[in-house]
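Trainee: Could you put together the complete structure from these sequences and hints?
Residue-level listing of the chains:
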Amino acid sequence: MKDMLKSIVAGAKADYAEIRVEDSRLTQISYKGKTLENISESADSGGCVRALVRGGWGFVSFNRLDELERKMNQAVEQATLISHHVDGGTKLAPVARVQDRVVVSPKMDPRKVSLKEKKEILEGYNDIVLSYNSRINTSVINYFDKFSRITLVTSEGTCIEQEKLDLGGGVVAVANDGGETQMGRFSFGSSDDFGVLLGKEEKVKQACRTAVDMLDAGSVKGGEYTAIVDPLLAGVFAHEAFGHLSEGDNVYEDANLQKLMQLGETYGSDILNIYDTGRDTGYRGYLKYDDEGVPTEKTYLIRKGKLVGRLHSRETAGVMGEKPTGNARAISYRFAPICRMRNTCIECGEASFEDMLKDIKLGVYAKDSYGGQTSGEMFTFSAGEAYMIREGKIAELVKNVTLSGNVFHTLRNIDMIGNDFKVEDSGGGCGKGGQMPLPVSHGSPHIRIRKVIVGGRK
Amino acid sequence: MENILKKAIKVGEHAEVFQLSGSSTQVNFENGRLKKIDSSENFGTALRIIRGGKIGFATTTKQNDVDDLVRRAMDVVEFGGECRFELPFEECGEDVKSVPLFSERTADIPTEKMVESGLEIIRRIHGYERQIQVFCGFTVGQTEVATANSAGLKCEYKKTGAGFGVGGRLIEGKNMLTCFESRAGIDFDFDIQGLTEKVIEDFDVARKNVPAASGEYPVILTPHAVSDLLMPIIVCSNGRAVAKGISPWRGRLGEEMFDPRLTIHDDGLLENGTATAHFDDEGVVMQKTTVIEKGVLKNFIHDLDSAAALGARPTGNGLRNKRMGNIKDVAAPPAPSSTNVVMEPGDMAVDEMLKNMGDGILVDRLIGTMMSNLYGGVVGGNVLLGYKIEGGKRVGRIKDAMMSVNAFSALKDNLVALSRERIQLGSFVLPYIRLKNVNIATRG
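For the record, the sequence lines run as chains A and B. Be aware that the first sequence starts at 1, since it is given in my numbering, and climbs by one per residue. Be aware that the second sequence starts at 1001, since it is given in my numbering, and climbs by one per residue.
These are computed hints drawn from the structure, not numbers from a lab. From the three backbone atoms N, C-alpha and C, an ideal C-beta is built for every residue, glycine too. A couple of the hints might just be wrong.
Unchecked claim - So, partial list: chain B residues that the calculated Cβ filter (under 8 Å) puts toward chain A:
1. 1074
2. 1129
3. 1326
4. 1376
As the list claims (entries may be wrong) - Dumping the calculated DSS-like pairs for lysine-lysine here, alpha-carbon to alpha-carbon at most 25 Å:
5. A:146 with B:1288
6. A:119 with B:1097
7. B:1288 with B:1097
8. B:1054 with A:146
9. B:1097 with A:34
10. B:1062 with A:6
11. B:1322 with A:34
Mentor: Following this line, the structure appears as structure tokens:
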């Protein structure tokens, strides 16, 4: 097979050509309430070819792995059609040729755990939720594990066979009282260990407690607050607030944004360090090579408050004259790789939680994540659980807290960074350009942000 | 397909095979230049085997994977979910059959024509402002869907799909502004020029920022923002959420929940709707279901399972969709999902609505609303694009603002008017809505 792929990319009438072939197995189990909603075994196999001709890209994806030469020709034709309309600006940053075979060696391999055992573990958690108390109405439980084998062959001589393991899910407790519905959740994920799912009884109980307590909580009054954000939500904040804007495809062809995002520009105070790494094994954002065959690295985006790097594909790095960082990722063979994050973190600082808290007269302590969204300089991130801070103390629980910011103001308003760094994987993922959910991770210590906009009642 | 069904019936008691195949082409312009042309061919099969009252579900995208597919479905069937329903066997009537799904125009559109249109759009927008990073895209495709089951059903249809989007990003100083419009349907029938001019008009007004203090405002939501406001109604009327008690609406059919001017349908037969089809993905004939009629909760939407759980009739909403959006995914098990969401219009022209409001805020785009507590009715998000209205006119953009409303109470007590005009946005057909007393929190 590999030899055939090599001969097809070698024969392509293109400046650059690649073939990616993927074979994967997906197991999914979900419960809603007592009933098992779905249990399934899916096999997915397909591939794609991509060709670059004088600055134009052609891309063809498929399930049938026959007629690869015809498909390559089609991609070359599409790229050639584009090349008549562009000035050939696209340059791929040079990278070393890689020949490698990456094998996953899980700590606890989900493929070796029987469906029966997986089901029993989830049912155990489901029982905890459903028997917690009468205000818990129902549960939503999801689990998946996916094992894939991806072969990438390029016309430059790179040939990588990479195995990937991804697993995750969540346990959601749904509380209901009259017309009011609230949820509490425990989410998990890993790239090498089924064990992250074991022994989480306390976390599941905590999710139940949160859901029930929030039924009685009031809403926060909308406005600007000083917020302390817990590591899980601060990780989402790093991802939404700065990660997306750092993606090379945002910047590389926009001269005005390049002016704003020149390396060396100050974005925060000198305690702020943000990086994105593919090298942290075990997390869902772990990746030895990206989908262009570039080895991943730890890429600093902000160091001592200053912009020092961005997340590149070979194309965005080539156009900007910077180094590729191994951030070109595709969710599957259905898509061409684009600039994406891996594990995005705010680096550990020195402040203790008490120090952050003590001089806040009125603020919000936002914990746990419902997710977030970014567009340009604007972003939102939603807390799963939140409390008012009054006179330096954590006060009452408040519900439905969504925070919002603007990258040019909000990062500067981070005035304290905690000493309790943590990466917590979730079962969700990141979406961009129709590619969702991509496995990513994020981490952070507690951080304090001044003047965050919190939506809410009058 | 028949071969799979035959083998599956041999080892199970009942079985259902669902097959999806298709092809599509996308032409994309990014940062003001033609960037890529993507095409895709896809094929997949899903199998449900029912044995001992349980369901085994397995899928594959391989071509000759019949034995392995059947084996995997059998592997999971003993652990599978309870099967509470009978597989359907229903002919679709002439009224359904006559709903067009295939557009020759979409099927035949040459790639070069899309390229030409894109180049024209870029010339036009750059003619207005060279600094705008223009993006636009065209998608055309065809899908063939077939379902067969052991009750004797064998149904299939062939459908086209088309999409168009245009927009741009303008950075002036530290101000970033994105304006865009997109449309989708079965037929490649887009007002490309009109939408391009709309984007230019939006840029022209929104590049000027105007301050707005935190507080309660009269607000008009455009159809884009109305689609966010409707999310709580969409998730709460989902038969599965109702059956499992996640939705707070169980046992509340017939209750007057909203303003009597509010009528919402789930319409699987909507002309040119992206979710329109003759059958759902379990082989149930598609229909138009009225969810809210004059403010009263009338129906939930169901797949086979949720209908059986609640003793209702399936409504043709058993779809195999990706987690987000109306895109079919062969690996997804059927679940109740909205088809096309259609809201009845009001009687006031949009211009008149703006004039009547006088001063207030026009909210066009929100981000982050999907992360709200939708089952609690909460819709909260950053106002990505919103305008301050003075004397019925857009005077500039309000920025760094959060809107938060409870859709349940807003559409009951705070609804002022619905517009006569509606816009079809893919699977949504929605009017503009004016609300009173909406909370907007801003910076500073």
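Trainee: Taking the earlier hints as the rules, which of them does this structure contradict?
Mentor: Violated hints: 1, 2, 3, 5, 6 and 9; rest satisfied.
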